[in-house]
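Participant: Here are the chains, one letter per residue:
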Amino acid sequence: MIPAVAQQIWCVAALLGTTALAIASSRSRRSTALVYGATFAISLVALAGALFSLIARTGATELTLPIGLPWLGSHFRLDALAAFFLVVVNLGAAAASLYGLGYGSHESMPQRILPFFPAFLAGMNLVVLADDAFTYLLCWEFMSLASWALVMAHHREPDNARAGYVYLVMASFGTLALLLAFGLLSGAGGGYGFAAIRSAQHTPSEAALVLALMLLGAGSKAGLVPLHVWLPLAHPAAPSHVSALMSGVMTKVAIYGFIRVVFDLLGPPSWSAGVVVLILGGATAVIGILYALMENDLKRLLAYSTIENIGVIFTSLGLALAFQANGFGLAAALAFTASLFHVLNHSFFKSLLFFGAGAVLTSTGERDMEKLGGLIHRMPLTSFVFLVGCVAISALPPFNGFVSEWLIFQAVLQSPDLPQWVLKIMVPAVGALLALAAALAAACFVKAFGITFLGRARSPAAEAAGEVDRYSLAAMFSLAALCFLAGILPGLVIDALSPVAQAVIGHRMPVQANDAWLSIVPIEESRSSYNGLLVFAFITAAASLAVYFIHRFASRAIRRGPAWGCGFADPTPAAQYSGASFVQPIRRVFGTLVFQAREHVDMPAPGDLRPARFKVDMHDLVWERLYTPLTEAVWFLADRLNQLQFLTIRRYLSLVFATLVTLLLVLAIWS
Amino acid sequence: MVVISDIFVQLGQMALVLLLAPLLTGVVRKIKARLLRRRGPSIFQPYRDLLRLLRKEVVLAENASWLFRVTPYVTFAAIWVAAALVPTFASGLEFNWSADLIAIVALLGSARFFLALAGMDVGTSFGGIGSSREVMIAALAEPAMLLMVFCVALIAGSTQLSTVATFMASSEVGLRVSLGMAMIALIMVALAENARIPVDNPATHLELTMVHEAMILEYSGRHLAMIEFGAFLKLLLYVSLIICVFFPWQITTEGAGPLSYLVSVAAYIFKLAVASLLLAVFETATAKMRVFRVPEFLGAALMLGLLGTLLRFVSRGF
Numbered sequence: 001m002i003p004a005v006a007q008q009i010w011c012v013a014a015l016l017g018t019t020a021l022a023i024a025s026s027r028s029r030r031s032t033a034l035v036y037g038a039t040f041a042i043s044l045v046a047l048a049g050a051l052f053s054l055i056a057r058t059g060a061t062e063l064t065l066p067i068g069l070p071w072l073g074s075h076f077r078l079d080a081l082a083a084f085f086l087v088v089v090n091l092g093a094a095a096a097s098l099y100g101l102g103y104g105s106h107e108s109m110p111q112r113i114l115p116f117f118p119a120f121l122a123g124m125n126l127v128v129l130a131d132d133a134f135t136y137l138l139c140w141e142f143m144s145l146a147s148w149a150l151v152m153a154h155h156r157e158p159d160n161a162r163a164g165y166v167y168l169v170m171a172s173f174g175t176l177a178l179l180l181a182f183g184l185l186s187g188a189g190g191g192y193g194f195a196a197i198r199s200a201q202h203t204p205s206e207a208a209l210v211l212a213l214m215l216l217g218a219g220s221k222a223g224l225v226p227l228h229v230w231l232p233l234a235h236p237a238a239p240s241h242v243s244a245l246m247s248g249v250m251t252k253v254a255i256y257g258f259i260r261v262v263f264d265l266l267g268p269p270s271w272s273a274g275v276v277v278l279i280l281g282g283a284t285a286v287i288g289i290l291y292a293l294m295e296n297d298l299k300r301l302l303a304y305s306t307i308e309n310i311g312v313i314f315t316s317l318g319l320a321l322a323f324q325a326n327g328f329g330l331a332a333a334l335a336f337t338a339s340l341f342h343v344l345n346h347s348f349f350k351s352l353l354f355f356g357a358g359a360v361l362t363s364t365g366e367r368d369m370e371k372l373g374g375l376i377h378r379m380p381l382t383s384f385v386f387l388v389g390c391v392a393i394s395a396l397p398p399f400n401g402f403v404s405e406w407l408i409f410q411a412v413l414q415s416p417d418l419p420q421w422v423l424k425i426m427v428p429a430v431g432a433l434l435a436l437a438a439a440l441a442a443a444c445f446v447k448a449f450g451i452t453f454l455g456r457a458r459s460p461a462a463e464a465a466g467e468v469d470r471y472s473l474a475a476m477f478s479l480a481a482l483c484f485l486a487g488i489l490p491g492l493v494i495d496a497l498s499p500v501a502q503a504v505i506g507h508r509m510p511v512q513a514n515d516a517w518l519s520i521v522p523i524e525e526s527r528s529s530y531n532g533l534l535v536f537a538f539i540t541a542a543a544s545l546a547v548y549f550i551h552r553f554a555s556r557a558i559r560r561g562p563a564w565g566c567g568f569a570d571p572t573p574a575a576q577y578s579g580a581s582f583v584q585p586i587r588r589v590f591g592t593l594v595f596q597a598r599e600h601v602d603m604p605a606p607g608d609l610r611p612a613r614f615k616v617d618m619h620d621l622v623w624e625r626l627y628t629p630l631t632e633a634v635w636f637l638a639d640r641l642n643q644l645q646f647l648t649i650r651r652y653l654s655l656v657f658a659t660l661v662t663l664l665l666v667l668a669i670w671s
Numbered sequence: 672m673v674v675i676s677d678i679f680v681q682l683g684q685m686a687l688v689l690l691l692a693p694l695l696t697g698v699v700r701k702i703k704a705r706l707l708r709r710r711g712p713s714i715f716q717p718y719r720d721l722l723r724l725l726r727k728e729v730v731l732a733e734n735a736s737w738l739f740r741v742t743p744y745v746t747f748a749a750i751w752v753a754a755a756l757v758p759t760f761a762s763g764l765e766f767n768w769s770a771d772l773i774a775i776v777a778l779l780g781s782a783r784f785f786l787a788l789a790g791m792d793v794g795t796s797f798g799g800i801g802s803s804r805e806v807m808i809a810a811l812a813e814p815a816m817l818l819m820v821f822c823v824a825l826i827a828g829s830t831q832l833s834t835v836a837t838f839m840a841s842s843e844v845g846l847r848v849s850l851g852m853a854m855i856a857l858i859m860v861a862l863a864e865n866a867r868i869p870v871d872n873p874a875t876h877l878e879l880t881m882v883h884e885a886m887i888l889e890y891s892g893r894h895l896a897m898i899e900f901g902a903f904l905k906l907l908l909y910v911s912l913i914i915c916v917f918f919p920w921q922i923t924t925e926g927a928g929p930l931s932y933l934v935s936v937a938a939y940i941f942k943l944a945v946a947s948l949l950l951a952v953f954e955t956a957t958a959k960m961r962v963f964r965v966p967e968f969l970g971a972a973l974m975l976g977l978l979g980t981l982l983r984f985v986s987r988g989f
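Read top to bottom, the protein sequences are chains R and S. All residue numbers for the first sequence refer to the working numbering, where the first residue is 1 and numbers rise by one. All residue numbers for the second sequence refer to the working numbering, where the first residue is 672 and numbers rise by one.
Hints in this document: simulated from the structure, not taken from any laboratory. Using N, Cα and C, we set each Cβ at its ideal position, and we do this for glycine too. The reader is advised that the hints may include incorrect statements.
[Claimed, not checked] Here are a few chain S residues that face chain R, going by a calculated C-beta distance under 7 Å:
id	residue
1	Val729
2	Ala810
3	Glu813
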């Protein structure tokens, strides 16, 4: 019996082999089916392995390969935390491969995608498996580059080249931060193995610096505000199944990195770490969803909503840190489990929604919601699963998004026990921010579904849409089923997550499997409990009862007629509410502050024949206040330093000499 | 035996809210009419309206989808389930633990989600305007509601409504500043959520001033009946919630005899009557505000909820 970690490494090797196969068969017409079929099979095997080691609690297994640094080798380790994230990665990968079997056949240039797709999957798997700093960073960079190549797949489309460029810059910056973080963690002795880092002592200032660097490094990959700017550019630029992987899975790999370092390697946290993470998480959640609301490009809307969900996950992690620092093991386990649950949920529904957006894109060629509409009649199955995804992501019962959100609120309610006043006051405020984000998310997905799928078609392309292929539908339906199952049977998920919480936090949530009727009880029954299964059963029963009685005893007659609309027959579909008009009230309430939105109405004088005009000014303050000055500063410096390129050899030599002397001086003074 | 009686209480509760909901609306309308020195329709008029609507055929817009036809039943079911889980006359409901206060708020959120979608389904501008304003109001009301929930849950040590009601009914609670703030916040949220004056006018049929009515403009016949019934139930739910959390006197707790049920049902109906009188007086005395004043109104509710929660932290006594 080969150890679990070796199985996973074999799967990664098989994925890399698939990359080679994709390159070799790039001229063949079968290569799309071949590559996605192979990645689908491999991901399923890896998923089964990871799921087995998570649920059967096989314990950690390790493996050292004689590659990488000569005195170190490459360490890989599969423990409960890694197993959980491998489940997330490979489940998303399997769904994306299945979807790709159908979606990929519409691809004009498959050879630009096929070799990188398995490589991207391999990279994500390797990051989770890595057990030393060198391997981790190498795999991280490999994952970034593979995904960059996928973002650039359609590089001739306008904006995609810019998206790729911004992504590359941000990814390099993130890796730099991670490099420094691991450098600090390993110390001067150079103990790059995670085991060595774990056993080393870290001073508080070191720990604070590592936390800040991790927030920069992992946070930029995950999409924490204000490091999120690349995400809404790059995720939608990739083909839809890759967007799903980047949004649903790669951001989770970043969260894995954060958890691994901050919870596992860094030793006991300080409560102020919790404060920082809480603030960042809450702000990210609200700002992310506000951006999503203002967006009319379906895929960019989904990408911004990813930022919101990352904020929710980080908030919950911040709660876990705060509780952990104060020794409240049970509450910390609750918050930590809630964040992992949300990681899983988000990978389900965000992949599902990106697949749906991809289906709309294949069927109509449109991503702009203002040109869609009425697709529920022409794509009934896609619209059904997309609706499931929308309900789930809006945190509405009985679907899965609500359960994780509910668990987070339960964790928030534990905050009065915290001794620090800052936390006592901040946690409920952050709870309010989360509630605001959840309500805005519901508004956002009413808009996303309502404008895209309901109403009347706003363009000929939307009028001529048709249902997508079976593979895509199969992928979407399986994810929708998972959203539903995780929503009505949350106890099973929580129990499956308990070894992770036990390993990372040292405590776990109470066993849920024994509770009556499969309800979930985070602390004790008199405090709070929730039963998704019963809620679903009640709603179904109540609705069926109502339908039965009405159709049996009252009228069941139906007459089709033109829409009433208070007697105004809307002349064209353009007179419907549009995405921009739908969010106008919310823009007026929140946008004046967050986006400095201003509305300008240009009304011609009576008798004047020119048309009235309405214009909305919105500003992306993060770009304008942070990144534009930064890029300007870089340009300025680059201009100044440009002169260094045109010096004589004597000056170069003296410069080198001066640098050497300065460095030696620094070294002498330092030690 | 206990389980059977509990299930009986639960079923009784489900039937009771269904029976009382139209009556509550009828009473409020009657009192409002009397305050305006009109005679007003009978308090049983909502029942007649429902029956009339149920008997009529449905006129469906040509491009209405399946979602449009499913929504009335989904929203009705979600609101009914939520209403059935709020203790009205007895705190020990059999299925109370299946959804706590947060879940009840979210269930109402589900109902609203589908209703807002249905408003956009036919593709008229009235439906869109209603949906867009409804989600704006909801986006502000939900955080306020959750802060109110936090405040109450921190005092009672639970988000389970039956535990909260039992705790509040015990004499040890007394008057607390934070509870008062939470109550005002809840009332403000309830006014907004039920499309009452000053946020929305349930009686208006001037399209541009209405929110809820604009959203359901395309509905007719039994579908409209279901939605109206849902709205009645929602009003009853919020009133019951206020009663159950802040005025749970005479509520039957566990292990009481059959006589106490009679007393508590009578007390509950009396409390409903008082609430409908207060609501009618308030609505008659106030004017509807502009849509863009609503954020300020609900922002005040949010602040009250937050203040109540924070006060709770500052001193255990408050």
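Participant: Work down the list of hints and note, for each, if the structure agrees.
Facilitator: Hints versus structure:
1. Val729: Holds. Min distance 5 Å.
2. Ala810: Check passed: Cβ of S:Ala810 comes within 4 Å of chain R, closer than 7 Å.
3. Glu813: 4 Å, holds
When the structure is compared with the earlier hints, no violation turns up for any of them.
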